[in-house]
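**Student:** As given, the protein sequences belong to chains A and U, one line each in that order.
Residues in the first sequence are numbered from 1 upward in steps of one, following full-length UniProt numbering.
Residues in the second sequence are numbered from 1 upward in steps of one, following full-length UniProt numbering.
Hints are not guaranteed to be accurate.
Claimed, not checked - Per label pair, the in silico range of CB-to-CB distance:
no., chain 1, residue 1, chain 2, residue 2, range
1, A, His340, U, His401, 53 to 59 Å
2, U, Thr230, A, Thr370, 24 to 30 Å
3, U, Asp61, A, His340, 27 to 33 Å
4, U, Tyr81, A, Ser338, 46 to 52 Å
Hints in this document: simulated from the structure, not taken from any laboratory.
Note that the Cβ used here is the ideal one computed from N, Cα and C, for glycine as well.
There are 2 protein chains.
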Amino acid sequence: MKPVNVGICGLGTVGGGTFNVLQRNAAEIARRAGRGIEVGHIASRHINPACDVGDTPVTDDVFAVVNNPDIDIIVELIGGYTVAREVVMQAIANGKHVVTANKALIAVHGNEIFQAASDKGVMVAFEASVAGGIPIIKAIREGLAANQIDWVAGIINGTGNFILTEMREKGRTFDDVLAEAQALGYAEADPTFDVEGTDAAHKLTILASIAFGIPLQFDKAYTEGITRLTTADVNYAETLGYRIKHLGIARRTEQGVELRVHPTLIPADRLLANVNGVMNAVMVQGDAVGPTLYYGAGAGAEPTASAVVADICDVVRTLTSDPNNRVPHLAFQANALSDHPVLPVDEVDTAYYLRLQAQDQPGVLAKVATILSERGINIESIMQMEAEAQGGLVPMILLTHRVKEASMNVAIADIEDLEDIAGPIMRIRVEQLN
Amino acid sequence: MKPVNVGICGLGTVGGGTFNVLQRNAAEIARRAGRGIEVGHIASRHINPACDVGDTPVTDDVFAVVNNPDIDIIVELIGGYTVAREVVMQAIANGKHVVTANKALIAVHGNEIFQAASDKGVMVAFEASVAGGIPIIKAIREGLAANQIDWVAGIINGTGNFILTEMREKGRTFDDVLAEAQALGYAEADPTFDVEGTDAAHKLTILASIAFGIPLQFDKAYTEGITRLTTADVNYAETLGYRIKHLGIARRTEQGVELRVHPTLIPADRLLANVNGVMNAVMVQGDAVGPTLYYGAGAGAEPTASAVVADICDVVRTLTSDPNNRVPHLAFQANALSDHPVLPVDEVDTAYYLRLQAQDQPGVLAKVATILSERGINIESIMQMEAEAQGGLVPMILLTHRVKEASMNVAIADIEDLEDIAGPIMRIRVEQLN
């Protein structure tokens, strides 16, 4: 089947990431989508040094892409409301499907755009517009479709969360951290949209609509930024058992929908309170499911591209699949499953926690260390719990570096054979999850 | 348009929850799915006192439902591999779509079931089979479709996590907590599947297939339970900066796919380490998106029903919508958006943190408390930071109970008018997120 032909409008950070992900993961994505996805035309006024566009035609006239009859899907990654809006409306008028990461455009002009798309029978997908790579729109729109959603609360601006995290962890001032964030490229030269909450309000407006089934109403969102927060407030909050996060909150009440972005004290033991740095997370409370949380990178080239490309796959799956099997049962097309083997556990690489009962006498540790060393197993740390000695036996706890399980099994058997070691060794695997 | 007719096979905990969610949220669900969803036939050998089935016909012959020509979608909530398998295969043979929560059935017989479903052009949806109400299958299968998935690691058995949480937080023994879990109904009378890891291995098998595009291979999963863990190990891990969690881990390596369920030490500051009690969470690492995490209730009547009903909606949307607009842009059908108003922020109800600069003299607190009390605002706690007095001004921090913002604004203006209070009051909203 002929590949789907995608036109990328805007080859900046996200556009470049989208191009690169589509190239690097082309085979994996085609196994899922059931059809190749090719970038046939790019509109960009600047070269993106992160992308090797090869033979792909590049124009500085975005409408050359939008009006290119060979392009099936327009990916709008320009940003802003002006040119981006024209691009999207013209693409729809041309009968093309649209994927966009543009939260401002959707929050402000979404009602009009969706009406036009419905009239033309095309899709407009915008997962990347909220919380970057976290599939939060899909989760609420489809995964929680059984629920009356009670509320949504999210850390949906990474720059703001980075600033608040640094203020709390390092006692730094708002201005100091903002300057660093700008130097690191987390914050724009004009940081108003981030620190005054406008960006979060755009995203919250979208979340509220898909949670509650109301039209997009960005103009009714209450928005308060983090510029007035002091380290004193951050510390007092901590003393009271709270953390300050810049949250977008949408709540359904009998009287109406609350739609508000502002600094918020939340109990320090909530998962949301422990989302730090530039990461995003959204909590959704549904009447059937209860509380759920979705966490991940809310910005950046490839995390955002992850959502853009997922939307492209959704469109492609709808375009090409048997309607009764739009999404394959096991995510990949049945004829594209891989025979990559499942490893026997002996072949698994992991670190270990070992608990031994050792005779309380000199030299035992040396013998244990020698056995591990001979098997190529490095020790990360050792605790001997002298104070817990019982019947002449001292608990000894070791953490090792990563090693193949087969090697560890031999080492354990050898250690258990030592006269100085009593009983079986307790072995628990250790994972850093990073 | 005629409602879709659903047959529920098995009216136990999850079946009852599914019936109740479909009834209670019928209007909300129809606004999303674009079509009513009705339960037309139920198979159950026992009355479920949690359900008022009204006029819905109930039979104790499950095949009467499966062979009922009026039923469009069979919801299999019987569990196990025997009758459940016959039900699903017969439903497929009859050309009906299937929704199931049955992890054992999918992990062990999924390859055969999906082949049959593809041959007949029907859908088999199984979101509820892994991690209850968390839409983790949809997230990996669709939301992360752009990624090479590197690994998946999850707390996917609530009973096991409840036991480990109690062991850590209260120093209780495994046997003691298990007995309580059984009494509370979290654990089965025969807890083997939970505590030996079989249940988690079923779920991990499914996650690995949709993450890596490999056939279901439950027989190759390595499974180790939590029965040998001692409180000593839990405490030593804590001393080392780790927590012990019962994880399912699937990792792609060059050599093959690791597929393993076992107790695991993970750093205490990871979000996954802070998922407690019966809650589930799954981390997914993709090459584009980086780390993501999905959290929620992994079991229970309505959380599991949330996933079952979401699958029903997916099927209905596929059956009934314009293929170009299978899922509405804003989750709800465009003609079903609500005019429920967005509340002005004055009408929002929330708790507050207030920071005042007060003259260091008697009676100030009483005046502040009186103003708040007159506006019906209850004080939750007060801190006066005498040690931080500067220029005769003492910082005073108050936490209030929930109140309408308009009332708080008047109270703040009145307090700022007090002679004993210097400068503007810092006001930050407080949310418990529960």
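**Student:** If a hint holds in the structure, say so; if it does not, say that too.
**Tutor:** Evaluation of the provided hints:
1. His340(A) - His401(U): 53 to 59 Å: Given range 53 to 59 Å: holds, Cβ gap about 57 Å.
2. Thr230(U) - Thr370(A): 24 to 30 Å: Holds: the Cβ-Cβ distance is about 27 Å, inside 24 to 30 Å.
3. Asp61(U) - His340(A): 27 to 33 Å: violated, 43 Å
4. Tyr81(U) - Ser338(A): 46 to 52 Å: About 26 Å separates the Cβ atoms of Tyr81(U) and Ser338(A), which means 46 to 52 Å is violated.
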